[in-house]
Amino acid sequence: MVISDFINAMMAKDHEALAACFEERCRFFDYCPSNAGRQNTFLFGPNAINMYFHNKFMFNGFTMHDPRILSDRTANFFVDYNGILVHAQAEIQNYSSNSTSLDDSLIKEMVIRPA
Amino acid sequence: MGVYVITGASSGIGAKTAEVLKERGHEVVNIDLKDGDIEANLATREGRDFALKELHDRYPDGIDAMICNAGVSGGKVPISLIVSLNYFGSTEMAQGVFDLLQKKRGSCVITSSNSIAQGAMRMDVAGLLNNHPDEKRIVALVKDVDPAVGHVYYASTKYALARWVRRMSPEWGSRGVRLNAVAPGNVRTPMTKNMLPEQRRSMEAIPVPTHFGEEPLMEPIEIANAMAFLASPEACGINGVVLFVDGGTDALVNSEKVY
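Top line first, the protein sequences correspond to chains A and B. Number 86 in the numbering used here belongs to position 86 of the first sequence; there are no gaps in the numbering. Number 63 in the numbering used here belongs to position 63 of the second sequence; there are no gaps in the numbering.
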């Protein structure tokens with residue numbers, strides 16, 4: 001399941017593997033940073049996700065802790081935004097339309113919100 | 001054609017900007033420690049005074065633009081050099097030629113850095129530079145700081161430069177002199193060639209979207225064209241701007257900062 005791939009990539013701080021979870025015309029929104037006094041994140045496309053998290057992983061701008069996969073669409077975890085922890089929940093709102101099953105799907109829309 | 005003065009034009013972004021301006025037919029005066037038309041150490045008050053006197057002697061009728069580009073990155077050099085050259089070497093030179101710029105309703109461009117948007121700077125250091133710019137006291141304060149944290153001081157001086165531009169530009173503009181800053185991304189220069197391994201890893205984690213999949217270093221020409229434009233009369237409506245010339249890095253990491 002792509003949600004597992006997503007979590008594994010986040011935990012490994014592997015920005016390339018993370019980007020590979022998303023389809024070409026995807027979007028990734030994270031509404032948690034404002035809880036840590038930072039700008040929320042709005043990314044469009046896997047290259048943007050790749051570059052953005054390369055930066056965040058290197059400079060400790062996004063570190064995932066204790067993830068729990070709740071379903072094939074949702075996961076619950078803590079995120080450390082440069083020292084400020086937020087309890088968050090990620091939801092895959094849309095998968096790629098050309099996949100035959102969730103097993104070979106890519107993420108089309110993902111939103112992370114405070115849990 | 002105009003008289004364009006540029007500091008730190010013996011190499012890197014400065015050299016490329018000088019080349020662009022010469023191609024456009026301008027007279028270019030390079031002020032640098034070595035191989036300059038005027039050779040001076042802009043990290044010292046004496047060096048700056050010498051360079052300013054030379055400019056006033058050579059161009060009593062004024063100059064068209066001043067590009068304050070000389071600077072040094074952190075990591076290997078004393079923190080005091082970063083403070084003196086990057087901040088005071090720019091602001092003192094800019095203020096020192098204000099009268100020459102005013103004579104020709106000219107323009108001043110300051111080289112900042114897109115590192116100012118990445119949270120690496122210390123706002124207390126930037127505050128000291130902008131609010132209490134006593135070079136001797138600040139240099140004495142940082143003289144024993146470990147050069148290993150030079151990148152923090154580099155970003156702090158560049159942030160202070162950008163804020164200085166924002167603060168000064170309304171008054172300067174009202175007196176006929178435009179004042180802007182360019183905030184380049186990581187550029188292929190002698191400065192980036194000598195990076196320490198950890199600096200290189202950090203640099204690679206500051207991606208340049210227009211160079212995606214390649215080494216994230218911009219070419220000096222990409223910055224030089226923007227500097228030449230801002231310094232030129234074509235940019236007559238632009239004052240007080242910090243122009244990010246970084247291939248979209250700032251937009252990537254700060255997309256919500258629209259203003």
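Treat the hints with care, as some may be off.
What the hints assert, rightly or not - Short derived list, chain B residues pointing at chain A, Cβ under 10 Å: (1) ALA120; (2) GLY173; (3) SER202; (4) ASN254; (5) LYS257.
No lab work stands behind these hints: they were computed from the structure. C-beta atoms are modelled at their ideal positions from N, C-alpha and C, and glycine is treated no differently.
Outcome of the hint check:
1. ALA120: Hint on ALA120 (chain B): holds, closest Cβ of chain A at ~8 Å, below 10 Å.
2. GLY173: Cβ of GLY173 (chain B) sits 30 Å from chain A, so the hint is violated.
3. SER202: At about 6 Å, which falls below the 10 Å cut-off, the nearest Cβ of chain A leaves the hint on SER202 (chain B) intact, so it holds.
4. ASN254: Hint holds; ASN254 (chain B) Cβ to chain A Cβ min 7 Å, cut 10 Å.
5. LYS257: holds (7 Å)
Violated hint for the displayed structure: number 2, the only one.
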